[in-house]
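J.: Each chain, written out:
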Amino acid sequence: MTARWVMGWLPAAAAVISWEVLAITGVLTYQFLPPPTEIVSTFADLVASGELVSDVLYTAAVAGSAASIALVLGGVVGLAVGAIPLLRMYVTASVDVLRTVPAVALMPIALLALGPATSTELILATWAASRPVVLSTASGVAAIPGRLVDVSRMLHQSRRRYLITIMIPAVLPTWLVGARTAVIIALHVCLIGEILVTSTGLGGALVTSLQALAPARLWAYALTCGALGLLLNITLRRLTRLSLPGSAHLIAAGPR
Amino acid sequence: MTETVLRANAPVYVVNSLDVVLRGRDGPRPVLSGISFDVRPGEVVGVVGRSGVGKTTLLRVLAGLLPASGGTVRLRDEPVNGPPDGVVMVFQDYVNALLPWRTVHRNVALGLERRVGSAERNRRVEHALATVGLSGRGRDHPAQLSGGMAQRVQIARALVMEPAILLMDEPFGALDAITKASLQDLLLHVQSLTGATIVFVTHDLDEAIYLGDRVVVIAGRPGAVTHDVPTRLPRPRDQLTSRALGQYQRVRVQLGEALHDDG
Numbered sequence: 000m001t002a003r004w005v006m007g008w009l010p011a012a013a014a015v016i017s018w019e020v021l022a023i024t025g026v027l028t029y030q031f032l033p034p035p036t037e038i039v040s041t042f043a044d045l046v047a048s049g050e051l052v053s054d055v056l057y058t059a060a061v062a063g064s065a066a067s068i069a070l071v072l073g074g075v076v077g078l079a080v081g082a083i084p085l086l087r088m089y090v091t092a093s094v095d096v097l098r099t100v101p102a103v104a105l106m107p108i109a110l111l112a113l114g115p116a117t118s119t120e121l122i123l124a125t126w127a128a129s130r131p132v133v134l135s136t137a138s139g140v141a142a143i144p145g146r147l148v149d150v151s152r153m154l155h156q157s158r159r160r161y162l163i164t165i166m167i168p169a170v171l172p173t174w175l176v177g178a179r180t181a182v183i184i185a186l187h188v189c190l191i192g193e194i195l196v197t198s199t200g201l202g203g204a205l206v207t208s209l210q211a212l213a214p215a216r217l218w219a220y221a222l223t224c225g226a227l228g229l230l231l232n233i234t235l236r237r238l239t240r241l242s243l244p245g246s247a248h249l250i251a252a253g254p255r
Numbered sequence: 000m001t002e003t004v005l006r007a008n009a010p011v012y013v014v015n016s017l018d019v020v021l022r023g024r025d026g027p028r029p030v031l032s033g034i035s036f037d038v039r040p041g042e043v044v045g046v047v048g049r050s051g052v053g054k055t056t057l058l059r060v061l062a063g064l065l066p067a068s069g070g071t072v073r074l075r076d077e078p079v080n081g082p083p084d085g086v087v088m089v090f091q092d093y094v095n096a097l098l099p100w101r102t103v104h105r106n107v108a109l110g111l112e113r114r115v116g117s118a119e120r121n122r123r124v125e126h127a128l129a130t131v132g133l134s135g136r137g138r139d140h141p142a143q144l145s146g147g148m149a150q151r152v153q154i155a156r157a158l159v160m161e162p163a164i165l166l167m168d169e170p171f172g173a174l175d176a177i178t179k180a181s182l183q184d185l186l187l188h189v190q191s192l193t194g195a196t197i198v199f200v201t202h203d204l205d206e207a208i209y210l211g212d213r214v215v216v217i218a219g220r221p222g223a224v225t226h227d228v229p230t231r232l233p234r235p236r237d238q239l240t241s242r243a244l245g246q247y248q249r250v251r252v253q254l255g256e257a258l259h260d261d262g
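Sequence lines, in order, name chains A and B.
255 is the number that numbering that gives the first Met the number 0 gives the last residue of the first sequence; the numbers go up by one with no jumps.
262 is the number that numbering that gives the first Met the number 0 gives the last residue of the second sequence; the numbers go up by one with no jumps.
Errors might be hidden in some of the hints.
Said to hold, decoys possible - If the Cβ cut is set under 10 Å, some of the chain A residues that face chain B in the computed set are:
| # | residue |
| --- | --- |
| 1 | S93 |
| 2 | P144 |
| 3 | R152 |
| 4 | R158 |
| 5 | I165 |
| 6 | P168 |
| 7 | A169 |
| 8 | L171 |
Claimed, not checked - Covered stretches of chain B, as calculated for chain A (at least 3 residues, CB under 8 Å):
| # | stretch |
| --- | --- |
| 9 | 89 to 97 |
| 10 | 105 to 112 |
To be verified - Restraint ranges, calculated between C-beta atoms of paired labels, are given here:
| # | chain 1 | residue 1 | chain 2 | residue 2 | range |
| --- | --- | --- | --- | --- | --- |
| 11 | B | V20 | A | L97 | 57 to 63 Å |
| 12 | B | N8 | A | R87 | 48 to 54 Å |
| 13 | A | Y89 | B | P229 | 23 to 29 Å |
| 14 | A | R236 | B | G255 | 54 to 60 Å |
| 15 | A | T36 | B | A142 | 50 to 56 Å |
| 16 | A | Y89 | B | N15 | 41 to 47 Å |
| 17 | A | R87 | B | P27 | 21 to 27 Å |
| 18 | B | P27 | A | I143 | 23 to 29 Å |
Keep in mind that the hints were calculated from the coordinates and are not lab data.
The beta-carbon is built from N, C-alpha and C at its ideal position, and this holds for glycine as well.
Same shape as in the complex, but just chain B (with noise of 0.2 Å):
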């Protein structure tokens, strides 16, 4: 019992000292270096930092799309090379992660085609799609959606995969206000219908307290960890309530001076 339960909590992700050197134009550059943390099954973590400090590098490490230069990246106790069974990433460039000439159907559908037969494909592109509320718009272009629908899109393409892990890199960074805080509870609806862990970056810190049960900064050149904190708000949460209380304003404060200290 205690066993299965410990099992059970034990860390999806574990990374520990990564190092991340890209090749740039004048040489070898290092972007992330001695990055040590884990994410819990069922968490969701937001990673912040200063733009250019290798946020986005690190998910792609996780996503498997960029091989770690040096250290591990350990994925329920499997090391990742290559995108791994069961994690689905959504990309902030909407306008490019989506296919032009596919209805908004066939785009969501692209990954279980020749896998899943098309009567159970269509039932699962349905559900994904009227889970983030785009039901009825099935057979538009994406050319003929708002940035904030596109964007539905790209998470709907990502749920029908049933991911156990998804990765958001600035899901929401391209979107007007109103639009992003109703994007926000979407995907904290969805998490909590899939339990799905996500790790998401962002470079908006009141996004990552209000998304996250931790935030994650990254700091310097190259990147490492700065802070670990919990968030420890209750859930459900709600835009207006959640980021009143008292907790919400302490993190923000603590947060907001490491990333100020960066400066």
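One chain only, chain A, in its complex shape (with noise of 0.2 Å):
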């Protein structure tokens, strides 16, 4: 496990020394790819001054508010729709057609109707996160058993009985496949809509530091989407893992 684990950083770990090394003999000499130390220095003026750990807090407050009511809103529409034929004929349609217009291409649509404000970054971002939760969450209502409908039937279950017994838990894994997926679409759609539209948290201050042609800031900035990206993904897995000790499948087989 840990050789393995070694063994998996190896090739990073040997690319940022080899770039810090071409950097300071000056092999490198483009000018906007400073060395990874400075890097890591403007990284730590940035964290002391505050600036970037409130970008962070921004950003990530935005996306995760959009990603939460993607998942409660797609959860609701994602069991309507799969639960009721008629509502799944005209949604689904709808979703195909929708699906094919990306968020992004929205985005000036959003900024001329709804103004530069953080509202409007965050309408973007929980209307595209909540596709992948209604898909997911309609499939799987879809893929429920008919035999648990008589279990549920013969057992005299109410309606109500049956959806909270059966139906929401059985759709609860593929919720949650989505609701990984919705994350991340959430974290994108809010740094593009920061850059484009907002210039406020991670994606303004990209932008800011681009406008002060200052690369290791510009860095800085990137590597730290990154690493909330990657941190908003561990934590998702670790939930999934710990309300769904039986369904390592379905995880196993979800975005990464």
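Please assemble the complex out of the two chains, which come individually in their own frames, going by the hints.
T.: In structure tokens:
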């Protein structure tokens, strides 16, 4: 386990070290590729000044809120779409049409209609993050064995009891698979929204660093975005594993 | 006195000229036609026939899971519209019929939730698990059980409801011969304890004779009752001695020919 872990990180460490050596020895003269040590020291300065932390908190808060709303909203819509055939017919057609329009393409429209506010970013991210949740929840409902409906009827369960004891727990694993996609999409859309629309948070900081021609800051922020995505993904994977100890196969099949 | 005796022995199920038409991909398809038979209280009735003859359909109609297209199905003089009280069905596909996210204990408790207090519920669940020989496995999940044990869980989930009538759709069809025999004996044991009426479907003629007081043969397309034969075998039954009886052999030959003619 430890040996494999070390082996996995070895190429990355080698790349960073050779990057550093090439930059210091002057082989790499490209001015926008600062040596890793400079990126690290800039990163430390940004942390010390509190700038980076507040940017991270802002982006994480908006992306987190968008993902949470998307999970609840998408879960409810997904359950309804999966359970009510008439709704499924109308909604899947609309979802299929709308899924071809990327949320990023809607951004200029949203900027025009809603203005450069945090709420615009939130709405766009929620919209984009809801779709995978609706789709995975609805497919989860469709996959419930008809036999469980027989069991429920045979035991004289009410519709409400069926929903609580069978439908929702049966759908939970696929809903969580959708949740992991939703969180990553929410983060992406928030970053793009911040770059294009609101100029706040990590996306805004990237734009400011670009305009200031500060490559070390750009790198520090870009790597922070990556770390945030990684952290969110790991957290959700842990949560999934904790709440569903028996469904390792679904987690393995989900997006990483 | 005579009246109560008569009433006590009055049929629980009366099926009269039952027709079932299912909607298939290429239009309506008659599955069962003119089915008539009675089931008396405490009786064990085996329904046999080739696959696709409508045995499962018949059981689903008795369970109230499927409406009759024609004729009547009455349970204790009431028409069956929807799952009746006191009737529980055990399905063949235990993999789909159990809730994989629930422990064995909570699977068995499913039908009692919101109806019985937790102390009473736990007592009944433990009792049902003990009856099917699964004491101490309450905390396992279905995935940790063998097929035979999973089917015991399904039987326990039915027993915990204290049903007067147990409907079983090829309950042991997916199990190996040894597990099958032990579950057959478990079922006979449960029946002797509870006096429950049991209607079960099987494609295994020997299982139908060994377990049943009567064997009903369904054949043809659409399926109809061609034979309704009492086994007249003494109880308690034993896998070896009961099957060695001359009466067992006679019933087996009679039913074997009946099924063969259907070919």
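J.: Taking the numbered hints from earlier one at a time, note which ones the structure violates and give those numbers from smallest to largest.
T.: Those not satisfied are hints 1, 4, 11, 13.
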